[in-house]
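Visitor: Protein chains in written order, with my numbering: chain A, 1 to 239; chain L, 1 to 239; chain C, 1 to 239; chain W, 1 to 239; chain B, 1 to 239; chain F, 1 to 239.
Any given hint could turn out to be false.
[Unchecked claim] Computed footprint of chain W on chain L; a stretch qualifies when at least three of its residues, placed anywhere within it, have a C-beta under 8 Å from a C-beta of chain W: (1) 7-14; (2) 26-35; (3) 40-49; (4) 162-168.
[Stated by the list, open to error] Covered stretches of chain C (chain A as the covering partner; in silico rule of three or more C-beta atoms under 8 Å from a C-beta of chain A): (5) 16-24; (6) 124-131; (7) 169-182; (8) 202-216.
[Unchecked claim] Label pairs and their computed distance ranges (CB to CB): (9) C:Gly-197 <-> B:Asp-225: 49 to 59 Å; (10) F:Gly-134 <-> B:Asp-225: 24 to 34 Å; (11) C:Gln-237 <-> A:Gly-197: 51 to 61 Å.
Rather than coming from a laboratory, the hints here were simulated on the basis of the structure. Cβ atoms here follow ideal geometry from the backbone N, Cα and C, with glycine treated the same way.
What follows is each chain in one-letter form.
6 protein chains.
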Amino acid sequence: MPPEAALPHADKLAHVTTATLTALLSKRGIRNSFMTGIAPLDSTVKIVGLARTLRFLPARGPVVSQPGGGEGNPQRLVIESIRPGDVLVIDAGGDVAAGGLVGDILSARIKYLGGVGLIADGAVRDTAQISDVGLPVWVRGVHGDGYPRGLYPADHDQPVRCGGVTVIPGDYIVADADGAVAIPPEHVAEVAAEGFGTERKEAFIRQKISVDGYPSTTAYPPNEDILREYEEYKREQGW
Amino acid sequence: MPPEAALPHADKLAHVTTATLTALLSKRGIRNSFMTGIAPLDSTVKIVGLARTLRFLPARGPVVSQPGGGEGNPQRLVIESIRPGDVLVIDAGGDVAAGGLVGDILSARIKYLGGVGLIADGAVRDTAQISDVGLPVWVRGVHGDGYPRGLYPADHDQPVRCGGVTVIPGDYIVADADGAVAIPPEHVAEVAAEGFGTERKEAFIRQKISVDGYPSTTAYPPNEDILREYEEYKREQGW
Amino acid sequence: MPPEAALPHADKLAHVTTATLTALLSKRGIRNSFMTGIAPLDSTVKIVGLARTLRFLPARGPVVSQPGGGEGNPQRLVIESIRPGDVLVIDAGGDVAAGGLVGDILSARIKYLGGVGLIADGAVRDTAQISDVGLPVWVRGVHGDGYPRGLYPADHDQPVRCGGVTVIPGDYIVADADGAVAIPPEHVAEVAAEGFGTERKEAFIRQKISVDGYPSTTAYPPNEDILREYEEYKREQGW
Amino acid sequence: MPPEAALPHADKLAHVTTATLTALLSKRGIRNSFMTGIAPLDSTVKIVGLARTLRFLPARGPVVSQPGGGEGNPQRLVIESIRPGDVLVIDAGGDVAAGGLVGDILSARIKYLGGVGLIADGAVRDTAQISDVGLPVWVRGVHGDGYPRGLYPADHDQPVRCGGVTVIPGDYIVADADGAVAIPPEHVAEVAAEGFGTERKEAFIRQKISVDGYPSTTAYPPNEDILREYEEYKREQGW
Amino acid sequence: MPPEAALPHADKLAHVTTATLTALLSKRGIRNSFMTGIAPLDSTVKIVGLARTLRFLPARGPVVSQPGGGEGNPQRLVIESIRPGDVLVIDAGGDVAAGGLVGDILSARIKYLGGVGLIADGAVRDTAQISDVGLPVWVRGVHGDGYPRGLYPADHDQPVRCGGVTVIPGDYIVADADGAVAIPPEHVAEVAAEGFGTERKEAFIRQKISVDGYPSTTAYPPNEDILREYEEYKREQGW
Amino acid sequence: MPPEAALPHADKLAHVTTATLTALLSKRGIRNSFMTGIAPLDSTVKIVGLARTLRFLPARGPVVSQPGGGEGNPQRLVIESIRPGDVLVIDAGGDVAAGGLVGDILSARIKYLGGVGLIADGAVRDTAQISDVGLPVWVRGVHGDGYPRGLYPADHDQPVRCGGVTVIPGDYIVADADGAVAIPPEHVAEVAAEGFGTERKEAFIRQKISVDGYPSTTAYPPNEDILREYEEYKREQGW
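I would like the entire structure built from these sequences, with the hints used as guidance.
Guide: Structure (structure tokens):
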């Protein structure tokens, strides 16, 4: 059973772009939902999931040995508690020179537990191996060293900053070729439903423009004639 | 009929790299023609066209509804007046966090009207869908939100700044895997002709180096012997 | 004969990632070996070689004609003295707007002489043509103009700064999809040997996690049971 | 006659901080009026004036001789047409390395004509001499070279971008130790009147806090008791 | 009673520079204690205090009215609970364009309660009025708008990032003309005592260099002769 | 004997601003002489001297103890060999987070030996104490930690990059409130002589503008009438 199936609204969200979602949130007063500067390693994938968060802070001194699997390590606590459909969102203050926050082995663990993606305002390492593992990743950069070079995991499942956006645990995360968007859960039913419709309508408009040669001033936003045509088209499609 | 065919010199320019054009302009005193930091979404395409320009400025306040197809909107005015062979060059002050300046629907309109590309010192949205539309794009970044997040279209077909370069409407624009260059029209005949020859000569030199093992000190720039050989080679080719 | 075969430890290093090498160097007190912000043009290649260095400084005034193949030009001196297995590492102060440091023709010469790669804290030009030439390149950016736009070659085979890391001629350079790392030669035997083992062990751990579902807290770093299993596995493999 | 006296609302605006004005504009939907990163050369001065604008663009090639006092030069056109109470606002794309846009001599001319200040998203030169001249200046940086190093004056008295804010000719400009704010003229009467009152009220509140020890939760914003006290205080002052 | 007097070690720390403290912490493995890019508004003051922390995150949408003195506002909670000797350290993600985090009125409240300073990785507003209030401030920038422009107060008295350094509530904060340093409390007794001695010794060394003309190779660090002289000097001073 | 007296042309250069010198160098093809982003700690001082250079590179690992006064340390070698009239110019790659390159004690040594200033593309520490020592300093930033935090001194008296400008040992350095300029020695006699005259002429022009109200189009550059007046004025002054 794919995790998207289990997550309410995920079936619809899977067909809505981050651009459309951002615009719909903006209309509802959520004007800051798209993460700036956080790019996919693989621009062909799309994910829908629920945010889990992890925050790194600057290490006071160099951490000599990798902090291992101890109980107190927030990085391990959040990763080991990943549930199917979760997306791990990491705040590393945008510091891409401080080392990679996650590599292939922890990516494999996230993937195994059903995690659907990783989003980091910082760097990852082992990008080729993460690609083999198959965990979709959106990041600000890449760095070969491990995070103990400059950071330590400070806490998890608290609100964080990522790409200039606040992400709160439980937010819906949708990410695609453009990047990643955080959707407050109280808005998700509405934007999923409206977004699904928006995509269908925009595909119709694009055809009007690309095939029928309508000017944008008539078709985008659509005037009444085109809206009427679209209503008819929807009836034909049984939507 | 491909727009390049109609544009004088475009047949030659299609075989000249932006790197060669930049170097030839530099020799003529145009030392600032290559746009820094403006990268292709698809590095396999190349375009040649004429610059149309659009300038965005910071919005004074949040624009609640998308400004639509009204008469006064410079974005719509310039897009609806795109002619075959035009390239739309957008100055958004380099701000990639202020929202996407153009998405797939307006890209489809530019494409339909014969526009050959879009170059923006700012962000676009719907990158996957723009790729479907088939409009070649060079940008500084990607952002899912629409431009009303932080910008408004201020004027069009005026000189603009893009990638640290001034672009004046009517400039030739050539863009490829390296990026984009603006060519003042008074120089285009010369650099197209010379560039076409330069590419042939550099291919000859590269063969001398890659196959025959000539040192760069002899072959680049070519000494008299190699130049003589090249003259002979040109005669053989009937150039 | 591939150059890697000739270079001691290169056969092992070819199987070790830059992430693993960086971590192993870090354990030995070399905490600053991975170059930040220097990305591959082609993320599918990997190289191992010895550093040769070149430093560019800001040109005092515009250099009108390309400085040619003269004796005194450090760029040409270092390129013409490239030996099989060398990697050219260029320090241009991180300035990606000052022009491309190397294009396709000089890349062809480096390739012909057996050079295995080019790494630059600055820009290259002719990226499509460099790809044809087949020289692997890691850079901070791309710029169409030539370096005389803003730089001149100041010296070669001196210590340089690249991606926030010091590179000393004779350092081992390994570069892959994540980026590039400089290995002081006195550490190379150790990290090559240990790294080769680390990669095998991490592949084993990844299988434990991806296939057998072990938690990261048990498997990474591995506890005694898993270590014992791995020892047995190594015996089976005849390692 | 001081220019401020002649400009409507200037007498009130002279007593209102840029911070208060920004907040009042924000309440009216003008959420983007304060210029980020544009700092005073002298933090003890304050100005009120009307915006005149000038836009620089990147020079295509180096301009060998200073363009002089020719008719076509937008820099000279705008400076020679400065009226008492004008503030010259310059958009140089934030480029502080391209040379100083104005030096002491043109500053002296602006001052002589009654110009009350200069604000530039770029650099000035001759800062010590400008200080002697007595023209108040707010800038992003300082550069010793003249603008022909990298820029040319493209147009004047058009909308420009300065410190991330749009400035339209005729906007009111107020600048103080914090920086500079652009006020759309249709809002100026209201914010001047309200701001003048706000400053008096905030001085009253600050005294409640600093002298009487009121908690911020009671006094800022003031609760009904404090508001009543303030109304009485106003009556006593005859305001 | 000055707060410094009440705070253990504050009397000694008042005579130790941030540079000396940073160096002493570095020797103890705390290699990341000095906040980069956080400059004093007034470079003549010095403070010693205990860290209280406040973290701002990006606002999801524009906050129309200032959130007032409500119970849930972490900004007000931390300010109203300031104790004599506290320093408020604010993490705003380094965003200086998002608005001023604190102005003159809240500065007055901090000052009234005995707070000794404000340090912010972000901007403040009302700098001239804050100077009147007399609260020493170290910041990354200045912005006239209030924080609701782009931020909201997310939590307080949690570990934060400021100037690339982790600050934990209860850390000692020392700030002077160079900037600010966070001292983990377990190290404060030692570095205060050693730092006090270091400053005396360095004053002695500086005199040897400035007056007696000793070379740095002899005097810094001091050789045995100078150390012996210094021991004698200390005896003479009765230290 | 003041060092300036001894240095040829220093008496004239002391009366020429960096802005004028930069413009005069630019006219001679030296278009890149003013250091961008390198600001004075004290904007009231001016220096003239000869460049000595020092280059720092990233430390491979943390340097535990300060490298002391050993023979091989390029920082100490260059400081101990400072001669009257020298200016130490330090290239630290613009890294202001890597620690302070020089503090008060080494500044005192430079001052004692007759060094007239310090210019660094990086940070210094102990700024208040350096001010007591009296060594004029121009820098990109301030950092409390010592350089071993992230750098080591790599070589001295080689060409370096500082503020985007190449500085070669033996260059004349002039620095004032605007910043610092490097003058190739072969141009110094000319620009000193011409600059001295330029300053006198510009003072005359400024008076025409400030007192007599001449328009800039007539007076800057001066037309023939004003030039004739100036020639007469020079005769009167006995220049």
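Visitor: Determine for every hint whether it applies to the structure shown.
Guide: Quick rundown of the hints versus the structure:
For the segment 7-14 of chain L, the stated coverage by chain W is violated: 0 residues have a C-beta nearer than 8 Å to a C-beta of that chain, whereas at least 3 were required. With 5 residues bearing a CB less than 8 Å from a CB of chain W, the segment 26-35 of chain L meets the requirement of three and the coverage assertion stands. With 0 residues having a beta carbon nearer than 8 Å to a beta carbon of chain W, the segment 40-49 of chain L misses the requirement of three or more and the stated coverage is violated. For a cut-off of 8 Å, the count of residues in the segment 162-168 of chain L with a CB near a CB of chain W stands at 3, and the three-residue condition holds.
Chain A is given as covering the segment 16-24 of chain C, and this holds because 6 residues of the stretch bring a CB closer than 8 Å to a CB of that chain, at least three being needed. For the segment 124-131 of chain C, the stated coverage by chain A is violated: 0 residues have a C-beta nearer than 8 Å to a C-beta of that chain, whereas at least 3 were required. Residue count for the segment 169-182 of chain C with a Cβ under 8 Å from a Cβ of chain A: 5. That meets the three needed, and the coverage hint holds. With a threshold of 8 Å between beta carbons, the proposed coverage of the segment 202-216 of chain C by chain A holds, since 8 of its residues qualify and at least three are required.
Between C:Gly-197 and B:Asp-225 the beta carbons are some 53 Å apart, a value that agrees with the proposed interval 49 to 59 Å. One distance hint, 24 to 34 Å for the beta-carbon pair F:Gly-134 and B:Asp-225, holds here, with the actual separation near 27 Å. A hinted range of 51 to 61 Å for the beta carbons of C:Gln-237 and A:Gly-197 is consistent with their spacing of about 57 Å.
Of the numbered hints listed earlier, those contradicted by the structure are 1, 3 and 6.
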